[in-house]
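Chains U and D are the protein sequences, given in the same order. FYI, UniProt numbering numbers position 885 of the first sequence as 885, with every residue one higher than the one before it. FYI, UniProt numbering numbers position 132 of the second sequence as 132, with every residue one higher than the one before it.
It is worth saying that the hints were derived from the structure and are not from the lab. Some hints here could point you the wrong way.
What the hints assert, rightly or not - Covered stretches of chain U (chain D as the covering partner; in silico rule of three or more C-beta atoms under 8 Å from a C-beta of chain D): (1) 407-418; (2) 795-802.
To be verified - Derived lysine to any residue pairs resembling SDA-like cross-links, with alpha carbons at most 25 Å apart: (3) D:47 / U:359; (4) U:49 / D:16; (5) D:47 / U:867.
To be verified - Have a look at the derived ranges for each label pair, beta carbon to beta carbon: (6) D:5 / U:80: 27 to 37 Å; (7) U:170 / D:180: 55 to 65 Å; (8) U:682 / D:5: 55 to 65 Å; (9) D:73 / U:167: 43 to 53 Å.
Every residue, glycine too, gets a C-beta built ideally from N, C-alpha and C.
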Amino acid sequence: MAMATGGSSDLTAQGAQWLQGAKEAVMQMTKGEKKDEDESYSPFQSLQKAAVLQECRCFNDREINPRKCISILTKILWLLAQGEKLTALETTEIFFGVTKLLMHKDQQLRRLLYLVLKELKPSPEEVIIVCATLTKDMNSKVDLNRANALRVLGAIIARTDPTMLAQIERHLKQALVDKNCFVAASALVSGIHLMHVNPEVVRRWVNEVQTALASDNPSVQYHALALLHQIKRQDRLAVSKVVASLTRTPLKSPLAHCLLIRFAKAMMEDGGSERDRALFDFLEASLRHRSDMVIYEAATAICSLTSVAQRELSPSITVLQLFLCSPKPACRFSAVRTLNKIAMAHPMAVTPCNMDMEGLINDSNRSIATLAITTLLKTGSESGVERLMKQITSFMSEIADDFKIVVVDAIRAMCLKFPQKHRLLMTFLANVLREEGGFQYKKAIVDTLLSIIARVPEAKEAGLSHLCEFIEDCEFTLLSTQILYLLGVEGPSTQEPSKYIRFIYNRVVLENATVRASAVSALAKFGISIAYLRPSITVLLQRCLYDNDDEVRDRAIFFVTLLTGLDSGATLAGKSAQSLLLEPLPVPLAALEASCREYLAAPTERPLSIDDVTIDAEMLAKMQKEATSKAAAASEDAGPAADAPAPAMAAPAEEADLLSRMPEFVHVGARFTSSKRVPLSEVGTEYEVVCTKHLYASHLILAFQLNNTLEDQLLSSVTVALDLAAVPGLALETHVPCASLPFGQPGTAYACLRRLEGVPVGTIPCTLKFVVKDVDPATGPTDDEPGYEDEYQLEELEVCAADFMKRVAVLDFRAAWESVGNGCEVVETFSLSYNSIRQAMEAVIDFLGMSPCENSAAAPDDVTKLTVLLSGVFLGGMQVFAIVNLRADSNRAVGMRLTVRSSDMTVSQFVASSVA
Amino acid sequence: MEKGNIPSIKSLLVLDSDGKRIISRYYKGEFASLAEETAFEKKLSDKTIRTNAKNEAEIVMFDNMVTVYRNSADVWFYVIGHHAENELILVAALTALYDALTSVLRQAPDKRALMDNFDVLLLCIDELCDGGVILETDPTTIVNRAGMKGSDGAPTGPEAAFTEQSFNNMFASAREQLARSLLK
Chain U
1 MAMATGGSSD
11 LTAQGAQWLQ
21 GAKEAVMQMT
31 KGEKKDEDES
41 YSPFQSLQKA
51 AVLQECRCFN
61 DREINPRKCI
71 SILTKILWLL
81 AQGEKLTALE
91 TTEIFFGVTK
101 LLMHKDQQLR
111 RLLYLVLKEL
121 KPSPEEVIIV
131 CATLTKDMNS
141 KVDLNRANAL
151 RVLGAIIART
161 DPTMLAQIER
171 HLKQALVDKN
181 CFVAASALVS
191 GIHLMHVNPE
201 VVRRWVNEVQ
211 TALASDNPSV
221 QYHALALLHQ
231 IKRQDRLAVS
241 KVVASLTRTP
251 LKSPLAHCLL
261 IRFAKAMMED
271 GGSERDRALF
281 DFLEASLRHR
291 SDMVIYEAAT
301 AICSLTSVAQ
311 RELSPSITVL
321 QLFLCSPKPA
331 CRFSAVRTLN
341 KIAMAHPMAV
351 TPCNMDMEGL
361 INDSNRSIAT
371 LAITTLLKTG
381 SESGVERLMK
391 QITSFMSEIA
401 DDFKIVVVDA
411 IRAMCLKFPQ
421 KHRLLMTFLA
431 NVLREEGGFQ
441 YKKAIVDTLL
451 SIIARVPEAK
461 EAGLSHLCEF
471 IEDCEFTLLS
481 TQILYLLGVE
491 GPSTQEPSKY
501 IRFIYNRVVL
511 ENATVRASAV
521 SALAKFGISI
531 AYLRPSITVL
541 LQRCLYDNDD
551 EVRDRAIFFV
561 TLLTGLDSGA
571 TLAGKSAQSL
581 LLEPLPVPLA
591 ALEASCREYL
601 AAPTERPLSI
611 DDVTIDAEML
621 AKMQKEATSK
631 AAAASEDAGP
641 AADAPAPAMA
651 APAEEADLLS
661 RMPEFVHVGA
671 RFTSSKRVPL
681 SEVGTEYEVV
691 CTKHLYASHL
701 ILAFQLNNTL
711 EDQLLSSVTV
721 ALDLAAVPGL
731 ALETHVPCAS
741 LPFGQPGTAY
751 ACLRRLEGVP
761 VGTIPCTLKF
771 VVKDVDPATG
781 PTDDEPGYED
791 EYQLEELEVC
801 AADFMKRVAV
811 LDFRAAWESV
821 GNGCEVVETF
831 SLSYNSIRQA
841 MEAVIDFLGM
851 SPCENSAAAP
861 DDVTKLTVLL
871 SGVFLGGMQV
881 FAIVNLRADS
891 NRAVGMRLTV
901 RSSDMTVSQF
911 VASSVA
Chain D
1 MEKGNIPSIK
11 SLLVLDSDGK
21 RIISRYYKGE
31 FASLAEETAF
41 EKKLSDKTIR
51 TNAKNEAEIV
61 MFDNMVTVYR
71 NSADVWFYVI
81 GHHAENELIL
91 VAALTALYDA
101 LTSVLRQAPD
111 KRALMDNFDV
121 LLLCIDELCD
131 GGVILETDPT
141 TIVNRAGMKG
151 SDGAPTGPEA
161 AFTEQSFNNM
171 FASAREQLAR
181 SLLK
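Isolated chain D (complex conformation) (with noise of 0.2 Å):
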């Protein structure tokens, strides 16, 4: 590693149990075409897919770089940094991700929701990590930036809360009850 980098994420990745994409950022920009990064992740998915990272984040050194990764369900999330990284580091990466998610979509991530929520999980990953730069690493702070409420991690208030997020739940479960009733 060059001398005083700063600590970075060379690519992050999520996929689903095939080893297909749902999303896949490569900051460092490594491979020169689609192709030769499916083939990667095939490649990663196929070596890591037989082992247990359901409650702790696992560790393997691929193609020469320290890859952190951990499951959740149908889905695997992987950050892969240069072979000298400090892979704690990324591990304090990976966990904010996954903390962030599990926090926004109230329930451990899976495809669906993932698919369904396809924006959060962008914004999620935006807020993590700017071009390979670790921008945030506290969930709660990365959940308020995504969800446009709040620039820290501080709570945003209960009565904000209450307005904002419990009033949206309402809605939601009202809408269902009615198509609910009205199916019937």
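Next up, chain U with everything else stripped away, as it sits in the complex (with noise of 0.2 Å):
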């Protein structure tokens, strides 16, 4: 007890508090009988906010009882914690309170209001009195008061009112460069914070930051470089400057280590097709960093670059492979997460830690069983499926619906890769089928079943009749009826149709009424398309007349009546039997759907016909997000065998068609071609433009993506203005402008150009036209400002004569070449100035927009000499042959001898001249 005499006065109020603390141990140990048993035991429970409100008013009481007041505090926190809500009157009651017992002396106290000042959510006018009391703390000499008084404000004025922001800022700013590492670090994370609110004044402190981040300080230097990239974000020069820096220089912090890679990997990702040696050498060298974190940061960095050498990856694979071998589950995660993403498209990259992958299937945890089998699957050999399947059956049974999702993906990835093994793949799939298992996992294996099918003609016979034995005990309609529309589309044209009949018609007896029409439909397109089916079909059919379903019974009645008049050649609306059932509709249903509706609330004398259906740019638009993300899922599923750019070509000719359908484009008619996408602003510009040039008949429609990439702007009512002085063969007809354009999401404007005459080729100046408005990043848009026009400029459009031309191939050039002959030939030479042959070729296709024939665009990078045929069709529909003759002349230059020939002099004429 001497200890305690430390001096007279503290003497007595120690011993205050010493006996009270001795009463309230006896309390709680006569308690302590009664808790031991009842298990439940919480210091909180039953708990009442009101009761908590009537104890916050000893705070003001003038003796101040340090621990009294931590308990109650915790109390609050406690409730704040479980979800319990305070009302504006309550917070506002316990904020002065809190106030006032930031004068008091005891420092765990102190560091307790702190938290509670940031959780009590403080209204703005509160916000001040918070800002004029912690003053005085961010002035104190103790530099933990000072840290936290810095946390707790950046927080508050971050979350209510970053105008507030102005009076302690020059606090703020001198604490940057605090010798103090948690005063500095404190200030940094309170600028990350305020950085997303009021970032014109955090880039105010660049030069502080920047001497924050030479601190000998991990955190603080970590902290830095965060703040910092933040503030140079838009300036990809400053950015770069400060990486190469520091990539020079050892980073004490890991954390900070590994976000100079996220930093370095962003910067090759933007530098285009040049990459950086050092910053790749910098990626490398991290590799053998001491910390777990940086090795695998920099390991997943290199691996995710895009257009990375497998040559390149293979540092990294080892050190991934050591990692699968650690005792920590993270480790191992980490590595087989990462090895699994690399093998989509460098699976033999991966194949070295196959056998160490093979272990893992038998990880305690599931989630790196599964990766690792996943990974096993998209890296195994041809010869090694048996042996692998094998390991997953025993599997399968152990793991939870949603791990086994992931493996059925898997394989179907697997079946494709390897199509000579369906056959082992399908009855494994089969036999899964049939197990135990929820709507997501059985549908999953119809879905690959299906998709094998699709791409394996082999595997149709086998994966309709596994289908067939599965619809005969499926619980789940929806996947029925997807199977039986399915046996209705690929039945009829299989060897054996008459015996899917049956496992249809026994839908027809046994289940409920959504089966029972779609079978009907199914026996329907077996009677249509084969006519010795026909008859007993119709019979069949017949049978369903009197269903106690109105759906079966009407679909019954109709394909009746379309049987039996099918042989006296009847037709519906003037379209035949085999066209309406066999044929997809010409508009997407959503489309049709909006159409229907419009007619019931309007209706007309005339009925409404599919010619009629229109589509706006708002479902334009919505499909061509849902094509581009399909697109984008199709190709990281097909992994590296299919080639990119096909489903990303595909997928705009289909919307092009659509474009026709607008209400503004309806007079246009059919789409002749349509350009590559060009850019008309670089990427990482205020706007981005990017447009795709569609021919019509006598229209020519351009269609503009915009992406608007400042966080703090709307645009609205955009439109591209041009210039069309220099084309005088083009008339504005109408543009359609992009209503609204916020932030981040894509919007597309149209312009539609009349051709008057010939073919009109040159460049139009493009400008970006639009109405802005200010907006709060933090806040979102406020209405009632009008906004300023403003115009943005952009490159200048170029009409060339590859955008009059259609890329159509022939099977036999030879022949179509002769039999154009030479009476409309023109024969041009030209020296070009190209690096070789293959750039050389690929600029003279781009320019003339044709398609090579009989594969002779593929050649090799060191050839001398090349000919490359091509063809197109000229618009009006005229056909256009060209033999391009390539023969590398010195270092720089290539030497070409152009020849074309179609039915019509000016024709040839004008496509040879487009190269020059």
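With the hints as a guide, dock the two chains, each given alone in a separate frame, to form the complex.
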């Protein structure tokens, strides 16, 4: 006890406190007997908000007991943590009590008060008081007080009123370079939060942040790097300077090192085709860091680089392989997760790890095991499939449905890679299909079977019979109908179509109405496609005429009429039964539905026809988005074998066909061809614009894809103004502006030009015109502000000969070439300055806009002579052929002879001149 | 993941073995209501409760987020990040929290100790992570800052440690002794 006697006044206070404490301890001990029996003991049991608020009154007492106050504050925090809400009045009450307590000297109490202030979410008026109270703390000699006050103010201001920042800016700026690491780090973290709400002010601190970056303290260095990057994010050059200088000096903090790796990687991705050697070396050197997290960060960064070569991967794969054997689950997970991703693009690079990954199939962490399996499925060789499937079969019974789905997806990819193994894999899928499982799992299996059937023709019959067996005992209506539909489409073209009839008719007898209806449709498709089955199918359908469900009955009547009328050659609304049933609709269903609704709302004398269906821009944009996401998913799915541009090219063609269905453009007729996407501004500038030219019989529609990259702006009525003075053959008809273009949500604007005469070529200066409103990224747009008009200079749009040419390849080029004859032949020679024949060839094909035939464009990189055969269809439908002879003359020059043939001399001349 | 993002924590949870919340922090506010949060916590707990995460941080992909977690007695600590986040950084944060609590409570954390020292738990989390940004991963530093004993990881000196720490301990044990003798 002698220890306690510090000073005489202290002694009395301590003594009083101590006695109080002793009393409480006694009380606790007595309670303790009980609480050991009660399992769900909690010091906060049956805690009432009202009671706690009542207790808060003691904050205003003259003599403050810090222990008691801490206990009350803890109770408040507990209530808040459990999701209790305080009213504004209650908050204010506690808030004023808390500001009083800040006068007290007790440090532990003070620390808790800082936390309470952050949690209370004070109102804007109260924030002013907090600022005033904490200003004293910000100038305190105690580092801890300074640091905490900075954090509290930073957090509160970022959340309530960003304009308050001006008041404490001076303190924050000073604190950034404080000698104490906690103070500096706190100021930096506050800066990171404030950057989101008030970037202008934070940007002014750039010099102080730069100084902080040189700090010896790892934590300060890390936060300084994070904040500096946020400040300079827009300025690529400045970022690259910072990154380049830091890669040369070792960073103290592993977190900062990870961050630097992310920045370096982002820069390498932005840098275009030229890869920065120094940055790559930095990533590679980071693989030898002592900290695991840095090694992993570097390995993933290298592995996820676009266009990384297999040779460059091997050091990363080696470190990941070591991770695979780590005792830490997180390390194993991280390694196998990354390997799983690279296995898509570089299966060969991952094969050295296969032995280690087979060991992971039995890992106690099922996530790791599943990832290992799917990776093995991607990288496995054809000969190893049997062994692997054996291991999986035992594994499948022990994992949850969501893991099973992942495995099934991987099997799909594998089956598409090794089509010869389809028998084994399909049997496996059929087996797991029979086992217990939820809807999502079954659906994944059925989808897999469907995609295998679609992609591997030999697997069709076996797949269909597996599916037939499955619907015999399928509890999911959706899957049954999906399979019945497929049977209807694929069944008639198999060797023995009649065997499916029994399976389908069984459904008519045994199932619910929805399945019955789709079974009826499937039966009818057999009847329409196969003449010798028609009478028996008509008999089967006639039995459904008395079904007690309306839909089934309706369908049956419709199909019986169709089938009986088919032999006598009757048609329905001018269309034959075959085309009605077997061809897809010319317009999307959603558009048809919208048109039907409109028609019902305002019916006219004339019946609604499918030709009247129009599509609005909004729907087109939605479909575009779906198509691109689908294409992205597909290219990811298909892996390295599928060439990426193919789906990307296909999607625009489809949506371009729908363009002429827009109400503004119904008059333009059918689309002739579409150009490639041409960027009109650089990627990463304020507004990104990409143009696609769609050519019609006498119109040219320009579709501008717009992207607004400025977080604090909302654009509206966006159009691209065109100066057509230089191209006399074109006249502007209509603009379809993009109504609203918020940050990060791409939009589309259109311009429709009419072709007056001839084939107009030339350059069109473009300007982006719009009304801009300032937006606060934190709070969203404000409606009351009118905004102001502004414009933005774009690059010139070129209309060239290739835009009027449709790429159409012919099968037998020589025969076509001879049949056109040399009556309208034009021969020209050029000298082009390209590094290689290949580059020259690609450029010429681009200029002409024609399609290479007979695989003549597949040239190795180092040829010195090449002949390319090109064909295309010129506007108006005239076939044009060209032979391009290329010869490497010297180091940077390629000689070219171009021979063009068509049935019209002017066209031949026009095409030949387009290269010049 | 966006290019060049700061490593960050989406949410940090401490649940008991029934999946009930002791404390949870959602830094990105991804759930609109309390009910959604509790539903998420229950689901996460059900998914992880039967795994062994006593000695090492375990890991799971949950709702397309990387979740690392650790179990001590009847409590479960979770650190959740974006699905492309570096999981080893999350593990570092989780370990820091666990070690800091172990050191300040002088025992492996259990539900009762955490509830009795709820303020300590809150302060440790607050010193670990500020609005999703990892503030500090050194457990000693976290303990010192939460206890207002020092602003860095340096031991607060034998003298200081004596007057502050052991003094309180002596008081506590003396109090308990007295209480016991009174009860007898």
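Quiz item: Which of the numbered hints above does this structure break?
Solution: Per hint list: 1, 2, 5 and 8 violated.
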